[in-house]
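A.B. asks: So you can see what is in the structure, the chains are spelled out below.
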Amino acid sequence: MGTANSTTSASRSKNKLHTKSIQDRILEVIVYVSMILVTVLTLYPFLNVLAISLNDSVDTVRGGITIWPREFTLKNYDLIFTYKGLITGFQNSVLRTVIGTVLGLLSGSMLAFVLARNDFGGRRWISMFLAITMYVSGGMIPGFILMKDLHLINTFAVYVLPGLVSAFNIFVIRSFIDGLPYALQESAKLDGANDFVIYWRVILPLCKPALATVALFLAVGQWNSWFDTYLFNGSNETLTTLQYELMKILQSTTTSATNSQDASNMAERMAQVSPESVKMAITIIVTIPILIVYPFLQKYFVKGMTLGAVKS
Amino acid sequence: MKSGNKKIVASVLSLVMITALVGCSNPFATDSSGDHLPDSGDGKQPITFTYFSEDSSTNWNNMNDEVGKVIKEKTGVTLSAEFAVGDPVQKLSLIAATGNYPDLIAAKADVGKLVDAGAILDLTDLINEHAPNIKKMLGDKIVRTKYSLDDQAIYAVPTWSAVDEKKIRADAGFELQHRVVKEAGYPEIRTVQDYEKVIQSYLSKHPVDENGNKNIGMSLNADDWHMYQVTNLGFQTTGGPDDGEYYIDQKTHQATYHFRRPEEKEFFRWLNHMNAIGLLDPESFVQKTDQFKAKVASGRILGLADPEWDYGDGQNALRAASKFDQTYGHYPVTMSKEYKDTSFWLAGFDGGYGISISSTCKDPVLAIKFLDFLASEEGQVLNNWGIEGKHYTVKNGKRSFIPEVQERANNDSAAFQKEAGLGLYWNMMVHYGDGIKDSTGNYFTRNYPELLSLNYSNAEKETLKAYKAKHWKDLFPTEEDFQPRAYGAAYTISLPNDDPSMILGAKMKDITWKYIPEAVMSKPEDFDRIWDAYMAELEKDGVQEMEKIYTQHIQDRIKLWSAQ
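So the sequence lines, in the order shown, correspond to chains A and B.
Sequential numbering from 1462 applies to the first sequence in my numbering.
Sequential numbering from 496 applies to the second sequence in my numbering.
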């Protein structure tokens, strides 16, 4: 929304022979102020979480932490990293994110390519079939039974296979392909390209912006999900994921704080880290990889917007 | 262009291979996870039971901890355990619906789902024939583990509630900062008037703290469900035991929605009075829990009426800042001396949550024997104290923890528990609670009165000394002052959500949570009017019907528990 505003104001000032009227200046100020406000509003909670995660947990109780830790400590992170299973979890999370995203993009874009072709007769039927899954889901228990009958329980494949075809992502890519001139495909055909070559060498390179968007959806979804680990692979330590391990840590700090079983616990609790602080540290740990990936994908978003603008 | 194409094809191919590899290797992984079996020395066939628990256990180490190894050796049983994460009900419903039952299941409040699915065994005969320790521990309380009046089977070995327990710690009642009672010269703090007087006199002399911020006479935490901590004060100050939202007449066993007792009206009138004279924090009903804790941590609140687990974090911050005279002592405050503080009126053994054996269990007899070993004195000492020579020593018949081990347990608790396994099996065994001695005259748990003293600060010791008490418990009426309740404690009766008393209860809760803050914060002359309106609304919405239904639940439980 923000970028749209600023571009319109920029183009308007160009129209008026590069001179800025008072109105334009006021508008500019309003735009800048509101953009700064939005930035602060979105950045502050994150910095606050970061500060609390780096602050001594006993001190945090006193309140008043804003964007800077008052008593710096790494104890909160220290506690989290003492749990084993994090490394296996991290490996699996990375694996499922990479494999799940790449395979998801391939299968999604192939299906979208087919559905975008006018000469494919079943496209309406299949689109409708896909659309239904966006509104109606089978529910947890039937889903579990299905996975069980497919012998996917206790396998890594259960992280990847069920999510390969997602209706929403396919529609995003398909509508992007619909926007491309069909003449491109026809001329490629005249040059002797078969369907796969058209898909691979003509459509895919042009779809990069849509693919980047879908890749982000897929990757964030894969990276953040823990519930499928719990449902399908909960008892298998070699298949654990990072989010699942972190969830377990979070839960155990919460429960150990509420029911302290033995007396030594009272002393322990003093030294221990409070659930709030652990929660904040976990939040930071899970967000950082996404923060790292985001800038690399972002250039495609910008490209996507400008591309669309030129065409229309 | 061509080479680029090849690269892509190659990477796709390798990806496909990786997935294929991962996909293939996993079926074997499931099998291999189960075969860390011990070489059983005494000829017992080693067996692995699958286990699901609704509670989490992050330090679980697949029984490769020191205590776990001993248990494996003694019983030949290894548990392949899974612990719930997030909402346990979902996973349990899956288990019940799909028929994939683990051998042992700790379903806690959701055991009914398994009963309905026919997923678990009636353990009555198994306990009778194969579990002498469990039988001995439960004694005649075994009736309390029966499922219901209509279905008197035992579906779970009760491993959550302590069979017998002496509460050694006062952790509730009313609290006052040590400096407040010190300045008043340690008068007796027994009634709300005593409590009010010391706060009043301290506050008039010290209206602000050293930074010029206002001191606060008394503050409450009523954030969301913490409201119960405020409303519970109603029965707590008028001699009623904790029976949830009800007051149960001990003779007739009639249930009354506890706010309807005239005595409690007087308590809330007193709170209203505290507000009118400016001793009650005006933010009491609007502050969030973290704001409340931050206030406690600032040391400005002179008096509380809150359980220690709630304000403990704030108090820890005070301790860390060495402001020990601003930490709190516990006092048995009631409306007048005719009422006794009921903190030590224990709920008693409630049967309650436990471990069930599934109908698909590989070997139910071995499973019950495994649970029976854990319930033995040997098993309990093993879980609580560890291994002799390694974790504890016995000198002159007195068992004590090895100091280095204790230090490790304090400073590196997670890693220590994972390695040693102490406490990991607590909710798998029928167990005794604190303050109960074993056959050698030592306590079963590591939680005993002598240990508490180690934790007292100097300010705390000074106050205790002035009141001629060793522990805060000594100021309170003892367990022996109360008759055990024939129904245990009413809040342990678990009712389905669609029970009429639950539905009505939710309605009453809404009314109460609206009117109590209003009544307390109103002008004293309006109090009666608001209270009358509150009572009228309760009656209009069917409070009497709710009481009638709940009375029936109480009577049913008494009937079940007195059956032989």
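Since the hints were derived computationally from the structure, they do not count as laboratory data.
Source: prediction; values computed, not measured.
For every residue, glycine included, the Cβ atom is placed at its ideal position computed from N, Cα and C.
Possibly wrong hints are sitting among the right ones.
Just a sample of chain B residues kept apart from chain A, beta carbon distances all over 12 Å, derived [claimed, not checked]:
1) I590
2) V610
3) K641
4) Q745
5) L774
6) D785
7) L861
8) E872
9) D993
10) K1035
Keeping only pairs whose Cα atoms sit at most 25 Å apart, straight-line, the calculated DSS-like set for lysine-lysine is [what the hints assert, rightly or not]:
11) K608/B - K1609/A
12) K890/B - K932/B
13) K1609/A - K857/B
14) K662/B - K832/B
15) K1536/A - K662/B
A.B. asks: Next step is simple, just say for each hint if it's right about the structure.
C.D. replies: Cross-check of the supplied hints:
1. I590: Incorrect as stated: the minimum Cβ-Cβ distance to chain A is 10 Å, not above 12 Å.
2. V610: holds, 18 Å
3. K641: It holds; K641/B is separated from chain A by about 26 Å at its closest Cβ, greater than 12 Å.
4. Q745: Consistent with the label, Q745/B stays out of reach of chain A, its closest Cβ about 28 Å off (over 12 Å).
5. L774: The assertion about L774/B holds, with a minimum of 23 Å to chain A.
6. D785: violated, 6 Å
7. L861: At about 20 Å from chain A, L861/B clears the 12 Å cut-off, so the statement holds.
8. E872: holds, 18 Å
9. D993: holds, 20 Å
10. K1035: For K1035/B, whose nearest Cβ neighbour in chain A is about 37 Å away, the distance exceeds 12 Å, so it holds.
11. K608/B - K1609/A: holds, 21 Å
12. K890/B - K932/B: holds, 16 Å
13. K1609/A - K857/B: holds, 21 Å
14. K662/B - K832/B: holds, 23 Å
15. K1536/A - K662/B: violated, 33 Å
The earlier numbered hints that this structure contradicts are 1, 6 and 15.
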